Amino acid sequence: MNTLPQTVIRPEFEASDLDAANHGDVARRLTAYERLSNMDSVRKFSILILFIAAWEIYTRASGVSHFLLPKFSDTAVALFQAIWSEQLLIMVWNSITILVTGYAIGLAIAAVLTTAAITTRFGSDLLSTLTAMLNPLPAIALLPLALLWFGLGSESIVFTLLHSVIWPVALNAHTGFMSVSETQRMVGRNYGLRGMTYVVKLLIPAAFPSILMGLKIGWAFAWRTLIAAELVFGGSISDTAETQSGGLGWFVFSNQMDMQIPHVFAGLFTVILVGIFVENVIFTNIEIKTVRRWGMQTS
Amino acid sequence: MSTPMDTLPQLVIRPEFENTDIKDAHTGNIAVELSIVEKIWNINGIRKAVILLGLVITWQIYTVALDVEPLMFPSFLFSLERLLVDLFTGDLIFKIWFSVKVLLIGYSAGMAIAAVLVLWATASRLGSDFIATATAMFNPLPAIAMLPLAMLWFGLGTASLVFVLIHSVLWAVALNTHSGFKNVTETLKMIGENYGLRGVPFVCKVLVPAAFPSILSGMKVGWAFAWRTLIGAELVFGASSGSGGLGWYIFESSQNIETEGVFAGLFMVILIGIVVENVVFRNVELRTVNRWGMQR
Numbered sequence: 001m002n003t004l005p006q007t008v009i010r011p012e013f014e015a016s017d018l019d020a021a022n023h024g025d026v027a028r029r030l031t032a033y034e035r036l037s038n039m040d041s042v043r044k045f046s047i048l049i050l051f052i053a054a055w056e057i058y059t060r061a062s063g064v065s066h067f068l069l070p071k072f073s074d075t076a077v078a079l080f081q082a083i084w085s086e087q088l089l090i091m092v093w094n095s096i097t098i099l100v101t102g103y104a105i106g107l108a109i110a111a112v113l114t115t116a117a118i119t120t121r122f123g124s125d126l127l128s129t130l131t132a133m134l135n136p137l138p139a140i141a142l143l144p145l146a147l148l149w150f151g152l153g154s155e156s157i158v159f160t161l162l163h164s165v166i167w168p169v170a171l172n173a174h175t176g177f178m179s180v181s182e183t184q185r186m187v188g189r190n191y192g193l194r195g196m197t198y199v200v201k202l203l204i205p206a207a208f209p210s211i212l213m214g215l216k217i218g219w220a221f222a223w224r225t226l227i228a229a230e231l232v233f234g235g236s237i238s239d240t241a242e243t244q245s246g247g248l249g250w251f252v253f254s255n256q257m258d259m260q261i262p263h264v265f266a267g268l269f270t271v272i273l274v275g276i277f278v279e280n281v282i283f284t285n286i287e288i289k290t291v292r293r294w295g296m297q298t299s
Numbered sequence: 300m301s302t303p304m305d306t307l308p309q310l311v312i313r314p315e316f317e318n319t320d321i322k323d324a325h326t327g328n329i330a331v332e333l334s335i336v337e338k339i340w341n342i343n344g345i346r347k348a349v350i351l352l353g354l355v356i357t358w359q360i361y362t363v364a365l366d367v368e369p370l371m372f373p374s375f376l377f378s379l380e381r382l383l384v385d386l387f388t389g390d391l392i393f394k395i396w397f398s399v400k401v402l403l404i405g406y407s408a409g410m411a412i413a414a415v416l417v418l419w420a421t422a423s424r425l426g427s428d429f430i431a432t433a434t435a436m437f438n439p440l441p442a443i444a445m446l447p448l449a450m451l452w453f454g455l456g457t458a459s460l461v462f463v464l465i466h467s468v469l470w471a472v473a474l475n476t477h478s479g480f481k482n483v484t485e486t487l488k489m490i491g492e493n494y495g496l497r498g499v500p501f502v503c504k505v506l507v508p509a510a511f512p513s514i515l516s517g518m519k520v521g522w523a524f525a526w527r528t529l530i531g532a533e534l535v536f537g538a539s540s541g542s543g544g545l546g547w548y549i550f551e552s553s554q555n556i557e558t559e560g561v562f563a564g565l566f567m568v569i570l571i572g573i574v575v576e577n578v579v580f581r582n583v584e585l586r587t588v589n590r591w592g593m594q595r
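Read top to bottom, the protein sequences are chains G and R. Going by the numbering used here, the first sequence opens with residue 1, and the numbers climb by one from there. Going by the numbering used here, the second sequence opens with residue 300, and the numbers climb by one from there.
Hints may contain errors.
[To be verified] 27 angstroms max Cα-Cα, derived DSS-like pairs, lysine-lysine:
| id | chain 1 | residue 1 | chain 2 | residue 2 |
| --- | --- | --- | --- | --- |
| 1 | R | K481 | G | K289 |
| 2 | G | K216 | R | K519 |
| 3 | G | K216 | G | K201 |
| 4 | G | K71 | G | K44 |
| 5 | G | K289 | G | K216 |
| 6 | R | K519 | R | K347 |
| 7 | G | K44 | G | K201 |
| 8 | R | K504 | R | K519 |
| 9 | R | K519 | R | K400 |
| 10 | G | K44 | R | K481 |
| 11 | R | K488 | R | K519 |
| 12 | R | K338 | G | K216 |
[Said to hold, decoys possible] Just the calculated beta-carbon pair ranges, DEER-fashion:
| id | chain 1 | residue 1 | chain 2 | residue 2 | range |
| --- | --- | --- | --- | --- | --- |
| 13 | R | W340 | G | A111 | 45 to 55 angstroms |
| 14 | G | G63 | R | V384 | 53 to 63 angstroms |
| 15 | G | V77 | R | R586 | 47 to 57 angstroms |
| 16 | R | W340 | G | I90 | 36 to 46 angstroms |
| 17 | R | R586 | G | N190 | 36 to 46 angstroms |
| 18 | G | A111 | R | R586 | 33 to 43 angstroms |
| 19 | G | W55 | R | V384 | 47 to 57 angstroms |
| 20 | G | G63 | R | L585 | 30 to 40 angstroms |
| 21 | G | I276 | R | A422 | 20 to 30 angstroms |
| 22 | R | L585 | G | A53 | 45 to 55 angstroms |
| 23 | G | Y198 | R | Q359 | 34 to 44 angstroms |
| 24 | R | V499 | G | Y33 | 23 to 33 angstroms |
These are calculated hints, taken from the structure and not from any lab test. In this text, all values refer to a predicted model and were calculated from it rather than measured experimentally. Where is the CB? At the ideal position from N, CA and C, for every residue including glycine.
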């Protein structure tokens, strides 16, 4: 008890020198600059502009060889030239046609595999063995084999694209279907859904976030594989195939070979633009119309 | 005017009755002892091993029985033999080491840059905007497309491979980590602030563990992209850097029309991929997010 400190009782007092409470509107109107810089898109856009300006100024001021880093303005000119007079759009179209063909066939095969996997145990084992083995295998590594089997031509590229799409899509769809809750399944059966209607009306919507994830990963792998394949073998393919002018990857590669560096940058811009279009327009729209509308995913 | 009562059906009361011809309830153990075969077949690993064996045997029988041209499609055993021969007597092991080394350098450099960027993004709005703009722009750009430029800037050699690898890792990791940080709940952040954590300790002790599932998935995506990019880059330009790597081994074999060498290289690629995904990342997962109860 005697280790406890003594209690100190301070004398009461009343502060008398307080100012009158200053109540009022403390909100302040933001200045025009503040309001502008509070807009997300304005800030991001100005970063982009700054980046471009820095590029342009650096290349002009340091006099770096335009073989190493061309001016932004040259690159922009090269992009327009390529679009108007060098059939860049046709090359983009060639790439996209091959990509869509491979992607669509890949999805169909993935659908068959997934159906087998959710209906039978053997199918499920087969799918998990195959994906465990083949998912870590980069599709581009199959290109030499594909060239041997299918010869130079778009078949080889489609074959490698198939490989890059099937495994991520099948894997994600399968886990998606497996994790549909028992409650939802029972609700579906209660409504008398069976067979195809059961799959289409219940399983697919319930597993859609996971399926969409698979589709996105499949697209990312396919796009990378396609560019790599064209970058490498696009030339030999364009020589033999009926299409005159290879694809986007070939555009980058051939211009690098010709030391047309502004055109290389123009090709990279196009690759970025196509990528942004697919990811931010197509997939975001699918997301908004499905999983977000159904309240399965926020923002 | 009809009242509701008129429309109601008449109440029928059925007579009581007792069913007498029910047999005695048959109580007993209805569980059937599984046969040995069924028990073995129920083990997951065994079923998968059997499937794998089945695939391999089909391959072997198909190529031997139909006498397929080995240049087009060599038999399994032939490819395996080539793999073992090259592993133990050839320089395949050095090629693998070369690839793994380049991959590790590129991966760790990419992670370090991503960490710096994300730190900047958590500290200031400018950094956050920068990372959002940069990832939106560079994430859709396949790293391999940068290879022609990289070769121009850094010459033929390891440096350009590392540059491309950094590009493939950096954006995927930065994007996932940044969005993971943004999604950390306000409660957790306030607890951290309450403990007086600030700056780097706040990031390391609160944000990183809280966002770890997302960071880990970014690392996995980054690994997948890097592995694909590396093999693709080596497949094309690997020869430039002295001994070349695994991708170069595949390309060389296919140029020499030694298809069994191509398959041997593919086996190795698959093996390394499986080891990294199922051993390295699985272990990281078990020790972090699974142990912390963030993921089953």
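Here is what the structure says about each hint:
1. Under the criterion of a C-alpha separation no larger than 27 angstroms, the hint pairing K481 (chain R) with K289 (chain G) is consistent with the structure, at around 24 angstroms.
2. A distance of roughly 15 angstroms separates the Cα atoms of K216 (chain G) and K519 (chain R); the hinted pair therefore holds under the 27 angstroms criterion.
3. For the hint linking K216 (chain G) to K201 (chain G), the alpha-carbon distance of about 22 angstroms falls within 27 angstroms, and the restraint holds.
4. For the given pair, K71 (chain G) sits about 22 angstroms from K44 (chain G) by alpha-carbon distance, which is consistent with the 27 angstroms threshold.
5. Pair hint K289 (chain G) plus K216 (chain G) holds up; C-alpha atoms about 16 angstroms apart against a cutoff of 27 angstroms.
6. Distance hint between K519 (chain R) and K347 (chain R) is fulfilled; the C-alpha atoms sit about 24 angstroms from each other, no more than 27 angstroms.
7. Distance hint between K44 (chain G) and K201 (chain G) is unfulfilled; the C-alpha atoms sit about 41 angstroms from each other, more than 27 angstroms.
8. Straight-line distance between C-alpha atoms of K504 (chain R) and K519 (chain R) comes to about 22 angstroms, which keeps the hinted pair within the 27 angstroms bound.
9. For the hint pairing K519 (chain R) with K400 (chain R), the CA-to-CA distance comes to about 18 angstroms; that is within 27 angstroms, so the pair holds.
10. Only pairs whose Cα atoms come within 27 angstroms are accepted, and K44 (chain G) paired with K481 (chain R) is accepted, the gap being roughly 17 angstroms.
11. Taking the CA atoms of K488 (chain R) and K519 (chain R), the gap is about 26 angstroms. The hint holds against a cut of 27 angstroms.
12. The suggested pairing of K338 (chain R) with K216 (chain G) is violated, with an alpha-carbon distance near 40 angstroms, which exceeds 27 angstroms.
13. For W340 (chain R) paired with A111 (chain G), a C-beta distance near 28 angstroms fails the hint of 45 to 55 angstroms.
14. A hinted range of 53 to 63 angstroms holds for the C-beta pair G63 (chain G) and V384 (chain R), which are about 55 angstroms apart.
15. Separation of V77 (chain G) from R586 (chain R) is about 54 angstroms and conforms to the stated range, judged on CB atoms against 47 to 57 angstroms.
16. The beta-carbon spacing between W340 (chain R) and I90 (chain G), approximately 56 angstroms, falls outside the hinted interval of 36 to 46 angstroms.
17. Separation of R586 (chain R) from N190 (chain G) is about 43 angstroms and conforms to the stated range, judged on CB atoms against 36 to 46 angstroms.
18. Distance hint check: the CB atoms of A111 (chain G) and R586 (chain R) are about 36 angstroms apart, consistent with the given range 33 to 43 angstroms.
19. About 52 angstroms separates the C-beta atoms of W55 (chain G) and V384 (chain R), a value consistent with the hinted range of 47 to 57 angstroms.
20. Checked against the given bound of 30 to 40 angstroms, the beta carbons of G63 (chain G) and L585 (chain R), roughly 55 angstroms apart, lie outside it.
21. One distance hint, 20 to 30 angstroms for the beta-carbon pair I276 (chain G) and A422 (chain R), holds here, with the actual separation near 27 angstroms.
22. For the pair L585 (chain R) and A53 (chain G), the supplied restraint of 45 to 55 angstroms holds, since their beta-carbon distance comes to about 48 angstroms.
23. Checked against the given bound of 34 to 44 angstroms, the beta carbons of Y198 (chain G) and Q359 (chain R), roughly 40 angstroms apart, stay inside it.
24. Taken as a hint, the range 23 to 33 angstroms holds for the pair V499 (chain R) and Y33 (chain G), whose Cβ atoms sit roughly 32 angstroms apart.
Of the numbered hints listed earlier, those contradicted by the structure are 7, 12, 13, 16, 20.
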